[in-house]
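Peer 1: Residues per chain are reported as follows:
There are 8 protein chains.
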Amino acid sequence: MSNWSVYLSGEIHTDWREQIKEGTEALNLPVTFSAPVTDHSASDDCGARILGDEEKKFWYDNKGAKVNAIRTRTLIEKADIVVVRFGDKYKQWNAAFDAGYAAALGKSLIILHDPALTHPLKEVDAAALAVAETSSQVVDLLRYVIRGELAG
Amino acid sequence: MSNWSVYLSGEIHTDWREQIKEGTEALNLPVTFSAPVTDHSASDDCGARILGDEEKKFWYDNKGAKVNAIRTRTLIEKADIVVVRFGDKYKQWNAAFDAGYAAALGKSLIILHDPALTHPLKEVDAAALAVAETSSQVVDLLRYVIRGELAG
Amino acid sequence: MSNWSVYLSGEIHTDWREQIKEGTEALNLPVTFSAPVTDHSASDDCGARILGDEEKKFWYDNKGAKVNAIRTRTLIEKADIVVVRFGDKYKQWNAAFDAGYAAALGKSLIILHDPALTHPLKEVDAAALAVAETSSQVVDLLRYVIRGELAG
Amino acid sequence: MSNWSVYLSGEIHTDWREQIKEGTEALNLPVTFSAPVTDHSASDDCGARILGDEEKKFWYDNKGAKVNAIRTRTLIEKADIVVVRFGDKYKQWNAAFDAGYAAALGKSLIILHDPALTHPLKEVDAAALAVAETSSQVVDLLRYVIRGELAG
Amino acid sequence: MSNWSVYLSGEIHTDWREQIKEGTEALNLPVTFSAPVTDHSASDDCGARILGDEEKKFWYDNKGAKVNAIRTRTLIEKADIVVVRFGDKYKQWNAAFDAGYAAALGKSLIILHDPALTHPLKEVDAAALAVAETSSQVVDLLRYVIRGELAG
Amino acid sequence: MSNWSVYLSGEIHTDWREQIKEGTEALNLPVTFSAPVTDHSASDDCGARILGDEEKKFWYDNKGAKVNAIRTRTLIEKADIVVVRFGDKYKQWNAAFDAGYAAALGKSLIILHDPALTHPLKEVDAAALAVAETSSQVVDLLRYVIRGELAG
Amino acid sequence: MSNWSVYLSGEIHTDWREQIKEGTEALNLPVTFSAPVTDHSASDDCGARILGDEEKKFWYDNKGAKVNAIRTRTLIEKADIVVVRFGDKYKQWNAAFDAGYAAALGKSLIILHDPALTHPLKEVDAAALAVAETSSQVVDLLRYVIRGELAG
Amino acid sequence: MSNWSVYLSGEIHTDWREQIKEGTEALNLPVTFSAPVTDHSASDDCGARILGDEEKKFWYDNKGAKVNAIRTRTLIEKADIVVVRFGDKYKQWNAAFDAGYAAALGKSLIILHDPALTHPLKEVDAAALAVAETSSQVVDLLRYVIRGELAG
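Protein chains in written order, with the working numbering: chain A, 17 to 168; chain B, 17 to 168; chain C, 17 to 168; chain D, 17 to 168; chain E, 17 to 168; chain F, 17 to 168; chain G, 17 to 168; chain H, 17 to 168.
Any given hint could turn out to be false.
[Said to hold, decoys possible] What follows is a list of derived Cβ distance ranges for each label pair:
id : chain 1 : residue 1 : chain 2 : residue 2 : range
1  : D       : Glu165    : E       : Ser18     : 25 to 35 Å
2  : D       : Gly168    : A       : Glu41     : 30 to 40 Å
3  : D       : Gly168    : C       : Gly122    : 19 to 29 Å
4  : D       : Glu165    : H       : Ala167    : 20 to 30 Å
5  : H       : Gly68     : C       : Lys72     : 26 to 36 Å
6  : F       : Ser57     : A       : Glu38     : 52 to 62 Å
7  : C       : Lys72     : B       : Lys73     : 45 to 55 Å
8  : B       : Lys73     : H       : Ala167    : 20 to 30 Å
[Stated by the list, open to error] Some chain E residues well away from chain F (every beta-carbon gap over 12 Å; in silico):
id : residue
9  : Asn84
10 : Phe113
11 : His135
12 : Ala142
13 : Gln153
[As the list claims (entries may be wrong)] Below, in silico cross-link-like pairs of lysine to any residue (SDA-like), each with a Cα-Cα straight-line distance of 20 Å or less:
id : chain 1 : residue 1 : chain 2 : residue 2
14 : H       : Lys105    : G       : Thr134
15 : D       : Lys107    : C       : Arg163
16 : H       : Lys94     : H       : Thr48
17 : E       : Lys94     : C       : Glu27
18 : F       : Lys72     : G       : Thr134
19 : B       : Lys107    : B       : Asp60
20 : D       : Lys107    : D       : Gly168
21 : C       : Lys72     : A       : Asn44
These aren't lab readings, by the way, just hints derived from the structure by calculation. By construction, the Cβ of each residue, glycine as well, lies at the ideal position given by its N, Cα and C atoms.
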């Protein structure tokens, strides 16, 4: 396979996506990454900004979440591998939703989180083919999966 | 259709499932409900209890979560409607995972939660055909969907 | 096959559904019919009545249409045959939407309309296995399809 | 994803498709657009012109609609996003049919219409991830979905 | 499995279907058989008789074939096993079409024909799980498949 | 869509495939054609020649038909449009099988045959989006479907 | 769900199926079990016995394996849960084939084997939701999955 | 079709993959091959090496098998043809699992093994479109399937 598509879902407040991209670029791995829009306010406001404001918070959020879904569902469906990272803040139900969505589509799931979250994430981890703790482990997974190489 | 299958996913510490069941029974609605195992400790321990203990917390949880998945995935796949309730405690990532899983399978989703959770649940709500705040609204939805009746 | 499921979509202001049901009952055909909620005002108001009122017309309608979709999509997916009738009033885009939805699912489509509508319905008719003009033709179709009998 | 496929269905008597194309080209968005044949008379006559004339109007239309379906169904199935525009003239049942067809295939739907059509289009809008009123909103949606940018 | 669904496609001028039914009834096998309409003239004329006559032979046949397809495609999709018999007369392209249709749906195919037809049926036989020469072999196959018994 | 995939199934004793290819090349249509192996003896003998001879005719044919199926099923599944031509010789059950297979996969079917075959091909034609009599009509169909142009 | 379908694949030389059936019957669990034909010689000979003898071992086996596939593939596709047991004798490639087949269909897999086989079965176990060592553990799994009860 | 994707599963201790690649390269066949990681120790250790060591053999193997599954399931799903070779050593249940997995996905299966293994592989062979004994036969199959050429 000439190229692998990897969708990076979940936490948007640390630079884990950049770490994975830098790691795979340093190795010249043939991977195309995709992700949700990670600009928090753009992601929250896109519906109302593009399609018109809403007074009620519910519809304000609903419009935005649906516009984001055009992007996220399309990209998840095109991905070979879906990596979902859970951080230590916020509810992150959208991350778990993405994991369930990807699992039902039969995508290969890699879940990335601190061991402190093992218990509440047990159902999500149970659907995964790998559970990693660090971005560099995800890079090592992609290296092995694509090239069959184990890091020194 | 002679009978509707409804899966009740999510929060397990209040009696919302019983409220819905009582409400639909009072109306004689032709509904068969299913749900995850709602005994918290049985659900946590089933893997180790049946298949052998594990020292590591990760595998203890992993075994249990997979045994529960035999039940939950089968029942979600058989359901016509999946109701997912989010409460005010715990991470509830399994509930969001179920919602994503059901959405990808094309199930009709009803999400049940307090308005205080609207913002963090916006991606989940965006995949739903109805967002309710109370169990009795779910009963009213089932009554209308099945019989076409609106409560007085 | 012991029983056939037939979904009757579309026009709700004449008694075509009753005619078909009476015709098949007179013949003792093993058919279970299903349909959208045909009470026009209940169908319009169900979302707001059950889940809370909306000031904006768009959301009022949106809530109702989604609640109806729980019923209609489930029943279309369970149907063996989908009959869609177009009348001479209203836009009836929901009827054409149902026809497209059923066609993509591979359901056997029967379209029922007056010959005056042939040209604007040509894309819908092109997806059908039968185009009928009267309810009694639909009864004759069901009789033939199920029992192999042609009416005298 | 290197390129997005967008199918532009529906109304053929205004230049809304050109507006969207010009808008996305000005932004250099990586989008490939497709559409039905928008030459009204060619679209009506293609069946009879290529495969032989028909005396009966029904078969004349039927032949043409099926030839057009070779194009439209293939292109809808290949699309990531399906935009359906409803204008103020004609029955436009083919547009609603396309929307239903795309919805059943799980495509991301954007519906484009004047607010005056909100009520009759409520079932179609309910299946959409975005409901826009202008072509420039569709351009803004594509810009955001593909690049994560909100127009100034 | 409490009951097996078997569709009997193809040749309609001998009593092979009755032989199979009698054979399985004598054994009390839990099988429900289905089949196309086997009354040749009803099958040819159903479209025009129910939906209106056609002067052109092509449309006369086309209408009838589509009405029959409502029955045949539904029953093939519901079948566990599809038996297709080829006789020594007529073109029987509908039988080969049914075999291809059933094969693409992943149905278990049993092909029934005289050895004289082995060469022209080689592509059809290649998609089958069993190729039989007599109705009683089909009965023996069903007996074995359902009960695990080999005839004395 | 930058390129259309068209599979040319059926009759192998006239030059209809070349006619279609020449016609589309003259128009510079973006089409990639595929087809079964059209060398009759290679097609008959491939199984035994590659995998070892067989004394029994049945297995000789069975081996060959399966080797050919590796090619034909893969190419049909990748095609956007499947054209099936029926000639005036041979049983051609493989052509009808391909048509049924393609129909069940939801491919756009074009059937090409002389009007003399209308009656025995009625079930096959009923699954088609176009029924043509000449190769040049197929070229015209592809021209219209791909470019929206009707020949002068 | 009123009844669970469980397919018991694999090893046929010990009474593990009977142990599971007795265990679930003692608990009155609503389970319907299915299995391949477990009479070794009938299973080997069915093809030749029913459809005619073969001199070549390859075709003798091929005929029988395909007749068995009519049963096994149908029952696996209907099952909610597939249990596959590996014993200490024979190659048992059919058991591993069934496990792969069931995994690709998304069935819930339970693998049953002695710990001595852990290493060679690691890819099979990796696709399972539970790996058990004894028949009574499978009974306990079914009890928990269906009723939510843990054995004292 | 411009390029064929062929996945080479199974035995990893002889150079059969290289033989096939050399054979097809010598013929300039447009084939892209993929395969599992064939370095035995890397394949065994990848899970623990990347994601952390495990004391229990079961989890050590389980982690590794799942990491390998990210590669193997993705590549099998992308393949047009899956070749599975069985050698004379080891249990090779993973090879049979891959064959079952590929069969359920409808892939064209070629099984490669010594005739001595015919009986225990009969269920696997029964799902194949070709059963070969040598690598050069597989090259000949690919040559014929792709180009229609039979070797001199």
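Peer 1: With reference to the structure, classify each hint as holding or not holding.
Peer 2: Against the structure, the hints:
1. Glu165(D) - Ser18(E): 25 to 35 Å: violated (59 Å)
2. Gly168(D) - Glu41(A): 30 to 40 Å: For glycine 168(D) and glutamate 41(A) the Cβ distance comes to about 31 Å; the hint holds.
3. Gly168(D) - Gly122(C): 19 to 29 Å: Given a distance of about 46 Å, which is not inside 19 to 29 Å, the answer is violated.
4. Glu165(D) - Ala167(H): 20 to 30 Å: With a Cβ separation near 57 Å, glutamate 165(D) and alanine 167(H) fall outside 20 to 30 Å, so the hint is violated.
5. Gly68(H) - Lys72(C): 26 to 36 Å: violated (53 Å)
6. Ser57(F) - Glu38(A): 52 to 62 Å: holds (59 Å)
7. Lys72(C) - Lys73(B): 45 to 55 Å: holds (50 Å)
8. Lys73(B) - Ala167(H): 20 to 30 Å: violated (60 Å)
9. Asn84: Violated, because the least Cβ-Cβ distance between asparagine 84(E) and chain F comes to about 7 Å, which does not exceed 12 Å.
10. Phe113: Non-interface label on phenylalanine 113(E) violated, nearest chain F Cβ at 4 Å vs cutoff 12 Å.
11. His135: violated (6 Å)
12. Ala142: violated (4 Å)
13. Gln153: Non-interface label on glutamine 153(E) holds, nearest chain F Cβ at 14 Å vs cutoff 12 Å.
14. Lys105(H) - Thr134(G): holds (17 Å)
15. Lys107(D) - Arg163(C): violated (37 Å)
16. Lys94(H) - Thr48(H): holds (11 Å)
17. Lys94(E) - Glu27(C): violated (30 Å)
18. Lys72(F) - Thr134(G): Distance of about 44 Å is beyond 20 Å: violated.
19. Lys107(B) - Asp60(B): Holds. Lysine 107(B) to aspartate 60(B) sits at ~15 Å (cutoff 20 Å).
20. Lys107(D) - Gly168(D): Violated: lysine 107(D) and glycine 168(D) sit about 37 Å apart, past 20 Å.
21. Lys72(C) - Asn44(A): Outside the cut-off at roughly 53 Å; violated.
When the structure is compared with the earlier hints, violations turn up for hints 1, 3, 4, 5, 8, 9, 10, 11, 12, 15, 17, 18, 20, 21 and for no others.
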